[in-house]
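Go by the hints and put chain F onto chain B.
Listed in order, the protein sequences are those of chains B and F. Going by our numbering, 157 is the number at position 157 of the first sequence; the sequence numbering is gapless. Going by our numbering, 139 is the number at position 139 of the second sequence; the sequence numbering is gapless.
Just so you know, the hints here were simulated from the structure itself, not pulled from any lab data. Keep in mind that this is a model prediction, so the values were computed, not measured. It is possible that some hints are incorrect.
[To be verified] Partial selection, computed: residues in chain B whose CB lies under 8 Å from chain F: (1) 6; (2) 202; (3) 203; (4) 366.
Every residue gets a Cβ at the ideal spot worked out from N, C-alpha and C, and that includes glycine.
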Amino acid sequence: MKQFLIFVKKEWLHIWRDRRTLFILIWMPIVQIILYGFALTNEVKNSNIAIFDQSQDQASTTISKEIAASRYFNLVKNVHSDQDIGATFRQGKIRMAVVFPVNFRYDLLHSNHAQIQLIADASDPNTANTLTNYASSIINDYQQSLNQNEQLPYTIKTQVRMLYNPELKGAYSFVPGVMALVLMLVCTMMTSIAIVKEKEMGTMEVILVSPLKPFRIIIAKAVPYLFVSLLNIVSILLLSVYVLDVPIVGSIWLLMTESTLFTITSLSLGILISNSAKTQQTAMFIAMMSLFLPTLLFSGFMFPIENMPLPMQIISNVVPSKWFYIIIKDIMIKGLGFTSVWKETLILVGMTMTLLGISIYKFKIRLA
Amino acid sequence: MKPVVVENIVQKYRVKKTVVDALKGISFTVDSGEIFGIIGPDGAGKTSLFRILTTLLLAESGNAWVDGFDVIKDYKEIRNRIGYMPGKFSLYQDLSVQENLEFFATIFNTSIQKNYDLIKEIYQQIEPFKDRKAGQLSGGMKQKLALCCALIHKPTVLFLDEPTTGVDAVSRKEFWEMLHRLKLQGITILVSTAYMDEASLCDRVALIQKGEILSINTPGGVIDQFEKPLWAIKANEMYKLMNAIKDDPAVESCYPFGQYHHVVFKTQENSKQKLENIAKGGHFTNIEIEAIKPNIEDCFMALMKD
Numbered sequence: 001m002k003q004f005l006i007f008v009k010k011e012w013l014h015i016w017r018d019r020r021t022l023f024i025l026i027w028m029p030i031v032q033i034i035l036y037g038f039a040l041t042n043e044v045k046n047s048n049i050a051i052f053d054q055s056q057d058q059a060s061t062t063i064s065k066e067i068a069a070s071r072y073f074n075l076v077k078n079v080h081s082d083q084d085i086g087a088t089f090r091q092g093k094i095r096m097a098v099v100f101p102v103n104f105r106y107d108l109l110h111s112n113h114a115q116i117q118l119i120a121d122a123s124d125p126n127t128a129n130t131l132t133n134y135a136s137s138i139i140n141d142y143q144q145s146l147n148q149n150e151q152l153p154y155t156i157k158t159q160v161r162m163l164y165n166p167e168l169k170g171a172y173s174f175v176p177g178v179m180a181l182v183l184m185l186v187c188t189m190m191t192s193i194a195i196v197k198e199k200e201m202g203t204m205e206v207i208l209v210s211p212l213k214p215f216r217i218i219i220a221k222a223v224p225y226l227f228v229s230l231l232n233i234v235s236i237l238l239l240s241v242y243v244l245d246v247p248i249v250g251s252i253w254l255l256m257t258e259s260t261l262f263t264i265t266s267l268s269l270g271i272l273i274s275n276s277a278k279t280q281q282t283a284m285f286i287a288m289m290s291l292f293l294p295t296l297l298f299s300g301f302m303f304p305i306e307n308m309p310l311p312m313q314i315i316s317n318v319v320p321s322k323w324f325y326i327i328i329k330d331i332m333i334k335g336l337g338f339t340s341v342w343k344e345t346l347i348l349v350g351m352t353m354t355l356l357g358i359s360i361y362k363f364k365i366r367l368a
Numbered sequence: 001m002k003p004v005v006v007e008n009i010v011q012k013y014r015v016k017k018t019v020v021d022a023l024k025g026i027s028f029t030v031d032s033g034e035i036f037g038i039i040g041p042d043g044a045g046k047t048s049l050f051r052i053l054t055t056l057l058l059a060e061s062g063n064a065w066v067d068g069f070d071v072i073k074d075y076k077e078i079r080n081r082i083g084y085m086p087g088k089f090s091l092y093q094d095l096s097v098q099e100n101l102e103f104f105a106t107i108f109n110t111s112i113q114k115n116y117d118l119i120k121e122i123y124q125q126i127e128p129f130k131d132r133k134a135g136q137l138s139g140g141m142k143q144k145l146a147l148c149c150a151l152i153h154k155p156t157v158l159f160l161d162e163p164t165t166g167v168d169a170v171s172r173k174e175f176w177e178m179l180h181r182l183k184l185q186g187i188t189i190l191v192s193t194a195y196m197d198e199a200s201l202c203d204r205v206a207l208i209q210k211g212e213i214l215s216i217n218t219p220g221g222v223i224d225q226f227e228k229p230l231w232a233i234k235a236n237e238m239y240k241l242m243n244a245i246k247d248d249p250a251v252e253s254c255y256p257f258g259q260y261h262h263v264v265f266k267t268q269e270n271s272k273q274k275l276e277n278i279a280k281g282g283h284f285t286n287i288e289i290e291a292i293k294p295n296i297e298d299c300f301m302a303l304m305k306d
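The following block holds chain B by itself, in its conformation from the complex (with noise of 0.2 Å):
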């Protein structure tokens, strides 16, 4: 026990004596969070819209004012002409613009039919999606206030309700995927190149021929990243629920617990990696290929994984974070106990015993 204790130490000196790299340790995952938080946002508000107006009407100013005063929207522009759309368009002000015809109100209330046309920049499909449905659910709006004091024979309302996220917050998704990403990062790649870098200082050869078992050995490495990783938890919930307003509706004591059994996931992965990896630079690449983008690709934050071809799917499965990140969402945001996420925290279980395995039966007892 007190070689175990005195490795720990001496990993631990490793990590507090770098100051730099702790710095990095500890502030990563707070500006990861910040930067996903503020920066990458794929929400649509204030887009910048144009109105051309040819009837100037009562029903048309009330529309236009309706879109207006949506955040989603932002007028800054009225056009007086066809080619002026274009124009606006072309010189990247503007990602929607809304063209009333001549007689709009005139039409609407004599021939029960009026048009309004929505011109989107679909260059980016997904806003331009995004911004017509916006526009047409406020149009919609003022179509139904026309109608309330009559009954029409048929009409179908379709209510609809957002689970879990009514606001349709996108850091309601992100949250547990940077907890993911940072997870893997900080355990996985620091621990990949604990080892390597005994072997590389050639400190290796004297600890090999002292009484130390490779399993303590690979344990003690472990147990100091444990405790920045811990850190690193704490920081991303702190932040999530004080500065993104993302609500831990589960038990924070699970949430911590399965976070914690990931983490440990991590470990065991970056100590595989260190085990076979010849040099720091190796490791470090490997780590980086291997965790880096699969966790980005694969874990479902990104891109959801039902769209994937099948065999995506397949691989999807053997990534640790997907399961991670599928428990955190169920704990976190959907408030769900053991009972629902049991399944995936016995997939970690079974993961972190197969790498930890690997890794003390791979573990070289000599130089070659």
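Here is chain F on its own, set in the frame of chain B:
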């Protein structure tokens, strides 16, 4: 059983597709409490041999026992009881002197206090710097710290792989004095070096070259094996002189040694006369010729020729 027994150890390694023989079946034994020197140039196979004996490498074939334990089967036992100081400085550079020592004491299940008397004399020299990071120590102090760390668990056999390489002359001398004091404590010491002059400080030496042992003997014994007279010659143009001597068919070998060339003849009759003739024939001036006693290096050169 003797502390170190080596039987027919063969070691090969592969560089791309060619197989290089690091050790070509070497055997020797080391007696209890002696300083046994493995002397040889770089690339002779010294480090490979040390790594096999310290259970870090598996030999291609052959057997070896350290302290009565098989280096393959009982590697765990051996790792409990030997001290090893690799050729490359292998302590934690970002840990202080004290922290390094404490770390190595603890992983060997002991404490600094318990075996302090063993390292006291060496440690006292670096104690003023005990809070300094190991990476900031001078070469000689690094070696002293490494020796302390290798000694702290009171090993029965101590393996020192080129401990004095890159260390200044004064520190080298001190280092060897320490080894002699350790020997008095009953520790068997296996030390490798590329410095021939250190051979005389060992109890017995094995001269090793290209993976083969040329001779195992006491330093005195090695010198006694050198039977032919040895001449030292000096003149104004040393390089020309060397070529002139080498061209003579009667000369067995000639090599530069400090300010002189050392010369050995194939036959012993009139050798001084022959040497003088060569020097005069080449119109050299300021000629000095002297009969000298061979040292280990001369013996090594002679053995290499064979």
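Need the list of violated hint numbers for this structure, in ascending order. none
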